[in-house]
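Novice: Residue numbers (numbering that gives the first Met the number 0), protein chains in the order written: chain A, 0 to 436; chain B, 0 to 322; chain C, 0 to 177; chain D, 0 to 197.
For the record, the hints were derived by calculation from the structure and aren't laboratory data.
A couple of the hints might just be wrong.
Claimed, not checked - Capping the alpha-carbon separation at 30 Å, the derived lysine-lysine pairs in DSBU-like fashion look like this:
1) K130(C) with K175(B)
2) K80(A) with K103(A)
3) K151(B) with K148(C)
4) K40(C) with K30(C)
5) K13(D) with K120(D)
6) K149(C) with K173(B)
7) K316(B) with K389(A)
8) K208(A) with K103(A)
Stated by the list, open to error - For each label pair, taking beta carbons as the anchor points, the in silico distance ranges come out as:
9) K357(A) with P306(B): 30 to 40 Å
10) Q180(B) with K357(A): 55 to 65 Å
11) V123(D) with L12(C): 13 to 23 Å
12) T177(B) with L103(D): 40 to 50 Å
13) Q166(D) with I16(C): 49 to 59 Å
14) K71(B) with K357(A): 17 to 27 Å
15) R69(B) with L188(D): 13 to 23 Å
Said to hold, decoys possible - Here's a subset of chain D near chain C, in silico, CB distances under 7 Å, partners left out:
16) I66
17) T77
18) I81
19) L84
20) S87
21) A88
22) T92
Yeah, the Cβ is synthetic: ideal placement off N, Cα and C, and Gly gets one too.
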Amino acid sequence: MKIYGFKGGVHPPEKKELSKDIPITKIPLPEKLIVLTVQHTGASVTPLVKPKDYVFKGQKIGDAQAFVTAPIHAPTSGTVKRIALYPHPNGRNVLGIEIEPDGKEEIFPDISKDSSWQNLSPEDIRKRIREAGIVGLGGAAFPTHVKISPPPEKKIDTIILNGAECEPYLTIDYRLMLEKPQLIVEGLRILMYVLGVKKGIIGIENNKKDAVEVLRKYIDSDIEIAILPTKYPQGSEKHLIKAILDREVPSGGLPLDVGVVVNNVGTAVAIAEHFKTGLPLISRGVTVTGENVNSPKNLDVLIGTPVSKLIEAAGGFREKPGKIIFGGPMMGIAIYDMDTPVIKGTSGVVVFSEKDAKYYEPVECVRCGKCVDVCPMGLMPTILAKYVRKDKLIEAEELGILDCIECGSCNYICPSRRPLLQWIRVGKTDILAKRRK
Amino acid sequence: MKSEMDKLIVSSSPHIFVKEDVSYAMRQVIYALIPATLAGVYFFGLYSLWVILVSIISAVLWEAFALFLRKKPLNILLDFSAVVTGLLLALTLPPKVPLWIPVIGSGVAILLGKQVFGGLGDNFLNPALVGRAFLLSSYPQIMTSWIEPIHKIGGMVSQASPLTSTATPLAIVKLKLTGYQLPSYWHLFIGDIPGCIGETSALLLLLGGVYLIYKEIVDWRIPLSYILTVFIISLLFGKDPIFQILAGGLFLGAFFMATDWVTTPLTKKGKVIFGIGAGFFTMVIRLFGIYPEGVSYGILVMNALTPLIDRTIKPRKFGEVRK
Amino acid sequence: MKQILRYGLILFLVCSIAAGVLAFTYENTQKVIEINKKLEKEKILKEMIPEATEFKKVENLPKVENKLVKINEINIAYKGQEKIGSIWEVVSKGYSSDIILVIGINKEGKIEHISVLSQQETPGLGSEITKDSFLKQFIGKDTPNLEAKKNITPVSGATISSSAVVRAVNEVLKHKDF
Amino acid sequence: MKNFWIYVKNGIFKENPVLILMIGLCSVLAVSVNVQNAIGMGLAFTFVMVFSNLFVSLLRKFTPHDIRIPIFIVVIGTFTTIVDLVISAYSPTLYKALGIFIPLIVVNCIIIGRAEAFAYKHSVIESIADGIGISIGYVWTIVALGAIREFLGSGTLLNVNIIPNFQPMRVFIMPPGAFWGIGLLIALLKWVDSKIRR
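Given only the sequences and the hints, what does the whole structure look like? Please build it.
Specialist: Take a look at the structure:
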């Protein structure tokens, strides 16, 4: 398969060797689970239960009316203890449902046991996916049923499964590809059926050759595997499409505009698992890693498990922690509270020691142009940052600041240690706020 | 757990950074210049080592002085940019200049070429070249008095006694001077010819330049387009293109000055334009100007045009809809 | 229409007054200016050959073969009826400009005085030819065999400008007895 | 009369034509090679400045708005020609040095600028005050610049050697030196200004 590649990008140290050979394991049921009402991109959900209510495993406990949203479910059976504000990985406090598990794992009786998706209509499958609360598990957590409901005028011809996993440290997608290849292929087939597409492609970076070998055994001629060069941000939707199909998602557009739907391999697993067991999305794979945990792990954890439990499972801290990141080190968010629960978009937890979480004092831009070279979107980050600092938002917008995918490559490469991405984020927020007015 | 929680660092992504910072890059430039510097000292004698040392030390002191005046922390000195400026300035001086020349030159370079604009990153002209241009127009006699190398490659001792004044190969050609012999390509390439301390050895400068390109400190586009432009224009005007490339400070300029991060365009396309422009102006000065050598002014002119290039040349945006 | 006339009239008035004032000033300064000019010229010539009492401009200038040199003017100096020397104004092509020289030749045919009237050579290099240290080498010379780096030390770093002066002096010496 | 001194003071620093208004730079940069030329140019300028302000103000009631510029030019031109002729007659050396710059006073933006911006709208006395103030500002600036450039560029002041064996920085008598010099003066004035304000 011909690979086209894309311009820009960086090569941060991969650090995947820390956890890549460790099979996915489960962790003991924690004493409390906090299911937040903000799990995904789109509208937050309203709790459907009250404190002291008994909930079954897989019971829907929150939903919303909006289109772009997905319901949340109880990860296990137990009692609702409290509905209050809890720390969200994004730094704010949001409404969450705290459940005290009873350990009985009683499954919600109304759950459909019908596992034959072939007999369902695409519309019914979309409904099932929505009801199962399945969202993109790559990180952005965009509700999957929205993604696979393209407007009729857009013709979709290809589905790409994203197995690039370009973020350093993270290995959960790699483990899924090794351990659950048949589910990945099954999930992809469900998606192809829903969208009426003949072509499915799984994109994998060439540092995961063994995953390619394993997956090859399960595919037919309708599915291809694209081996991509290892480069960050290969896993960005737009760049995946560009690298595999040489199609460019237009500025401000979606993959739909070039006839493509992209889903994470984890999402495919979740879809396939849902049709196998009938259970909604109540757990996900998380890589817990970093030089500062004693034994890095790939874990299958319930949504709502506090991060402290994950670190416990990974053997605890090696030395004093400096930074705990939800997600990978390039795009993840540093959290401040050890009680922060896992949400549907949490693909990894990376722990840095105090020494590694060093803060660099920025110096004046020396105009080396490296940020321009590495920007996968073809922007000029240092100029954008300068415009934002000088409050020249119109100029920044003309230079394409809104196209920024916040991959952080510019910030990573900058020899002057300038917080370019922070400025660009500020600028984007300001421009969007002004637009709304 | 609570106590640890208080200490967690919160910052926005990304959370990892390259090791190579500005100071690292500047140190690489210094390493890359060492061969040509040592060759200069070998060719022109120990006195030129003094010139180099005085230039570097005074550049650092001037920088410290400026930082003190501007109430800036002195640890900015650790970016090594003043050392690079001092070294580059010294390498563009004739070997027997009096020692106050590098002191004044580096003062102008650091104070008027860099710090008045706000220090490293805000200067729009290459500081070392500002210093050199100042010296050249202020003390033209001192700045154009050359000596024969005291050591020659291959055991050949120079015929003329050292310290007698001589002329650079470019001056011999440009001014149609009689009584001088033009060095062969080989000598031009090796560098045992009259010229500035660090500009004569094309070989060692090329070596340093390739090292910097390999280390991804400089972009190959500028030196290549620069040298190529000089080559083509010489060809068009019936000059010996190999001579035009090897003689004078073209290699020093193309690899070490025209590639200065701060004063060259951001984009790759812009860098090519910069190289072509510098080559063009260098040749215009060499062919039609009053100076035999045009590298420093060629680069300075393009430095001044860099903001314009950056305004016009933008990288192609991903997914840009062509109108 | 009426306005144009009014504007015209006002302008005319202002201009007339200005013209009057200027005419008055001109009348009163012109004589002084002319005297000044004459005095200055004589002063230059006098400096060259101080004992001369009168100068006569030569009408038929000698032909110069060298294309780089041009003779502008020759004045013969007289002391009473006796011819005691000549003063030459010559132009020579320098490095970046025309160098205008004034050369005084005494009655023995030797150069008595030489100075640069105007030049625009490279400041600090070619412009050094105006210095006495360079020019005084020519005093007393009488044969057109001068050559830079042989019997004349050029200004260092400015061989072209120095040669231009040498060339001019040679031409003058060649034609001194025209 | 109080106003008179205020207007005079105005031109010296607060509205210094060269360093603050930054007009008429051409003659300043060209003539400030040494102190002598600077003084000569300054005096010529002062004469034209004060008299043109005076007459423009005097004539302002008779000057129709539509043709004020031609009239300003005629007034300024007249005084410039007078200066030109007088200097040429009585100080040929200065005339040689200032050369073409005296006729250029006609188009000096400072003079026509003040005629338009000030003298055309103010009384005769005020206009004279403004002319004097602006002239003082111009003179001290051009003389200071001349001193800097002469000292650094030739090693002399008023053609007297100051420091023996000083190696003059010839760049200062060339155009780049003029820009550096004026840049330094502007910086100095801003610095002093910020100190005073604080």
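Novice: For every hint, state whether the structure bears it out.
Specialist: Consistency of the hints with the structure:
no.: 1; hint: K130(C) with K175(B); result: 24 Å, holds
no.: 2; hint: K80(A) with K103(A); result: 17 Å, holds
no.: 3; hint: K151(B) with K148(C); result: 27 Å, holds
no.: 4; hint: K40(C) with K30(C); result: 16 Å, holds
no.: 5; hint: K13(D) with K120(D); result: 20 Å, holds
no.: 6; hint: K149(C) with K173(B); result: 21 Å, holds
no.: 7; hint: K316(B) with K389(A); result: 23 Å, holds
no.: 8; hint: K208(A) with K103(A); result: 41 Å, violated
no.: 9; hint: K357(A) with P306(B): 30 to 40 Å; result: 34 Å, holds
no.: 10; hint: Q180(B) with K357(A): 55 to 65 Å; result: 60 Å, holds
no.: 11; hint: V123(D) with L12(C): 13 to 23 Å; result: 19 Å, holds
no.: 12; hint: T177(B) with L103(D): 40 to 50 Å; result: 45 Å, holds
no.: 13; hint: Q166(D) with I16(C): 49 to 59 Å; result: 54 Å, holds
no.: 14; hint: K71(B) with K357(A): 17 to 27 Å; result: 22 Å, holds
no.: 15; hint: R69(B) with L188(D): 13 to 23 Å; result: 19 Å, holds
no.: 16; hint: I66; result: 5 Å, holds
no.: 17; hint: T77; result: 4 Å, holds
no.: 18; hint: I81; result: 5 Å, holds
no.: 19; hint: L84; result: 4 Å, holds
no.: 20; hint: S87; result: 5 Å, holds
no.: 21; hint: A88; result: 4 Å, holds
no.: 22; hint: T92; result: 10 Å, violated
In the structure shown, a violation is registered for the earlier hints numbered 8, 22, in ascending order.
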